[in-house]
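Undergrad: If you want the building blocks of each chain, they are given just below.
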Amino acid sequence: MKIKAIALNTFKEAIRDRILYLLLFFAAVCIIFSRLLALLTVGDRVKIIKDVGLTSLSLFGALMAILMGTGLVFKEIDKKTIYTIISKPIHRYQFLLGKFFGLVLTLFIMLLLMSFIFLALVFFHTFTIEWEMFVAILFIFFELCLITSVALLFSCFSTPILSSIFSLAFYLIGHTAWGLETLIKKIPPGLGKTLAQTLYHFLPDLENFNFKTEIVQHLDIPSEAFLYSILYGIFYTLFVLIIAVLVFRKRDFI
Amino acid sequence: MKIFKSEKDLSAIFLVVLLILSCGIFMSLKIKTDNISREKIPGSSIIYIPSGQYLKYATFGNSSLLADLIYIWAIQYYSDYTIPDMYEYLDHIFSIINELDPSYLDPYDVGAVIAAYEAGDLDLALKILDRGLERNPEQWLFPYLAGHYAQMINKDHKLAQEYYKKAMDIEGVPPIVRRLYADAIFKSMDYKRALQTWLEIYETAKDERVKKIASNHLYNIKATIDIKKINEAIEKFKERYGRYPMELSQLVRAGFLDSLPKDLDGKEYIYNSRTGEVKTPIIPWKR
Chain R
1 MKIKAIALNT
11 FKEAIRDRIL
21 YLLLFFAAVC
31 IIFSRLLALL
41 TVGDRVKIIK
51 DVGLTSLSLF
61 GALMAILMGT
71 GLVFKEIDKK
81 TIYTIISKPI
91 HRYQFLLGKF
101 FGLVLTLFIM
111 LLLMSFIFLA
121 LVFFHTFTIE
131 WEMFVAILFI
141 FFELCLITSV
151 ALLFSCFSTP
161 ILSSIFSLAF
171 YLIGHTAWGL
181 ETLIKKIPPG
191 LGKTLAQTLY
201 HFLPDLENFN
211 FKTEIVQHLD
221 IPSEAFLYSI
231 LYGIFYTLFV
241 LIIAVLVFRK
251 RDFI
Chain E
1 MKIFKSEKDL
11 SAIFLVVLLI
21 LSCGIFMSLK
31 IKTDNISREK
41 IPGSSIIYIP
51 SGQYLKYATF
61 GNSSLLADLI
71 YIWAIQYYSD
81 YTIPDMYEYL
91 DHIFSIINEL
101 DPSYLDPYDV
111 GAVIAAYEAG
121 DLDLALKILD
131 RGLERNPEQW
141 LFPYLAGHYA
151 QMINKDHKLA
161 QEYYKKAMDI
171 EGVPPIVRRL
181 YADAIFKSMD
191 YKRALQTWLE
201 IYETAKDERV
211 KKIASNHLYN
221 IKATIDIKKI
231 NEAIEKFKER
241 YGRYPMELSQ
251 LVRAGFLDSL
261 PKDLDGKEYI
271 YNSRTGEVKT
281 PIIPWKR
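Residue numbers (my numbering), protein chains in the order written: chain R, 1 to 254; chain E, 1 to 287.
Looking at chain R on its own, in the form it has when it is part of the complex:
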């Protein structure tokens, strides 16, 4: 109940944030811009609209998660409202989870709004509702949940600017870590290779949530890929949230 109350409060606070609507506006512009971009291409125009649309959803969703998530705990500390909260009979993990779920709910609503614009644009071209797009959007949502947890973690001990930079770095690493595999192949067997392999498996792989290309091109996706990706998202998010709780427990506000 306590988590729910904090979550709802966080949600109410988040939807009043102007930056959210600014990002929503730019996301909508980008999605609509895909129509213009499609005119300039050679080949399938709807494909361009789908690609740009899904990328906008992912990119602006990530920006929302980062820009809002990094201020979640910091704002409470900065405005000293944290004293009122932690003086109540509430565990710190409850406070953090409440903040996390509150932002996740906000992102869910925003993703729904952006998806509506995107799917309406696709419908305008194909005159069919492409339900498989929801699969890609669902995995974008899982990615956003993980990014939110990371932003929350950095928010526990750093300023919003630094937290945003760290979270953006996490996002970039998550989408480029697959490149390490090529490096690993070239490293001779030994300690270096083992370390690189461990690092490769430890670093976030946000490409696990990227089914955009397969969905747009109607490629077969093995069902276990869905299952393992969802589990991967849940456990990685849990891992980051536990670190956030451990860090937050160590903070002394008195």
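Since the hints were derived computationally from the structure, they do not count as laboratory data.
Glycine included, C-beta positions come from ideal geometry on N, C-alpha and C.
Heads up, a few of these hints could be off.
Unchecked claim - Mimicking DSBU-like on lysine-lysine, the simulated pairs with C-alpha atoms at most 30 Å apart in a straight line are:
1. 165(E) with 8(E)
2. 8(E) with 250(R)
3. 2(R) with 8(E)
4. 8(E) with 75(R)
Claimed, not checked - Restraint-style ranges between C-beta atoms, simulated for each label pair:
5. 198(R) with 118(E): 41 to 47 Å
6. 55(R) with 88(E): 22 to 28 Å
7. 87(E) with 18(R): 48 to 54 Å
8. 79(E) with 195(R): 29 to 35 Å
9. 7(E) with 25(R): 46 to 52 Å
Starting from the known structure of chain R, arrange chain E on it as the hints suggest.
TA: For chain E alone, kept in the frame of chain R given last:
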């Protein structure tokens, strides 16, 4: 107070265990997801490339960088032979790179090589090279390559001459282009002009090696002209007497030739009276 502290420690231990567990689980899930092969359409990325003319505005002054990136991508794209109809957009892709960075020379060269040798489309290769020359008029390489392709692939020696001539008009062109030009004239069977051009090359040559090359070509052209003349006389002789002459001097005695031509070294041509074949006493390139 003591109990409270131990409870806090216990929850901390629980969290750390959960942390290690979740870390282990997501790492093993990562290995599992890596083992799932996900289908890809080879060459599907082609669809993302709009026209270079418009793309230039979207680069915010970084068009050279984008040209580099598309060029690198194009090399990978044309290295994957599993892509169906991969050459369909060849002109489009390279025109984008050329549009984004007109002074980037490699893409003209590489695009033309792919068009000429991989796609077997000489017209496209020449189009790319023409574009290169149009935007980089100081580059003799483009007309030189165009001439080379026209000569070697299509055996279009007249077109090759035109391109070599364009290259020769550009400052800094290496002397070999002039020699290729002379060779193209010879191969288009304009022997008189070929002789004159090779003679000029011989007279203006700055080193012995080039002089020797020009001399061999002159020998070859003269021999070709002479042998053609002798063959015509032999044909006339055969028409009249129903047989080949026993020796070439019979052609002069019978009035089919004014005098018996000799090769550039002053030696007589070798004649086979059984087959009527005339050839040079030496292979021109081994003089």
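Undergrad: Each of the hints needs a verdict: does it hold here or not?
TA: Hints, verified against the model:
1. Distance check on the hinted pair: residue 165(E) and residue 8(E) sit about 89 Å apart at the alpha-carbon level, beyond 30 Å; violated.
2. With a C-alpha separation of about 11 Å, the suggested pairing of residue 8(E) with residue 250(R) holds against the 30 Å cut-off.
3. For the hint pairing residue 2(R) with residue 8(E), the CA-to-CA distance comes to about 20 Å; that is within 30 Å, so the pair holds.
4. Distance hint between residue 8(E) and residue 75(R) is fulfilled; the C-alpha atoms sit about 26 Å from each other, no more than 30 Å.
5. For the pair residue 198(R) and residue 118(E), the supplied restraint of 41 to 47 Å holds, since their beta-carbon distance comes to about 42 Å.
6. Remark: the range hint 22 to 28 Å for residue 55(R) to residue 88(E) is upheld by a beta-carbon distance near 25 Å.
7. Between residue 87(E) and residue 18(R) the beta carbon distance is about 51 Å. The supplied range of 48 to 54 Å therefore holds.
8. Between residue 79(E) and residue 195(R) the CB atoms are about 32 Å apart, so this pair conforms to the stated range of 29 to 35 Å.
9. At roughly 49 Å, the beta carbons of residue 7(E) and residue 25(R) sit within the given window of 46 to 52 Å.
Of the hints listed earlier, the one the structure fails to meet is number 1.
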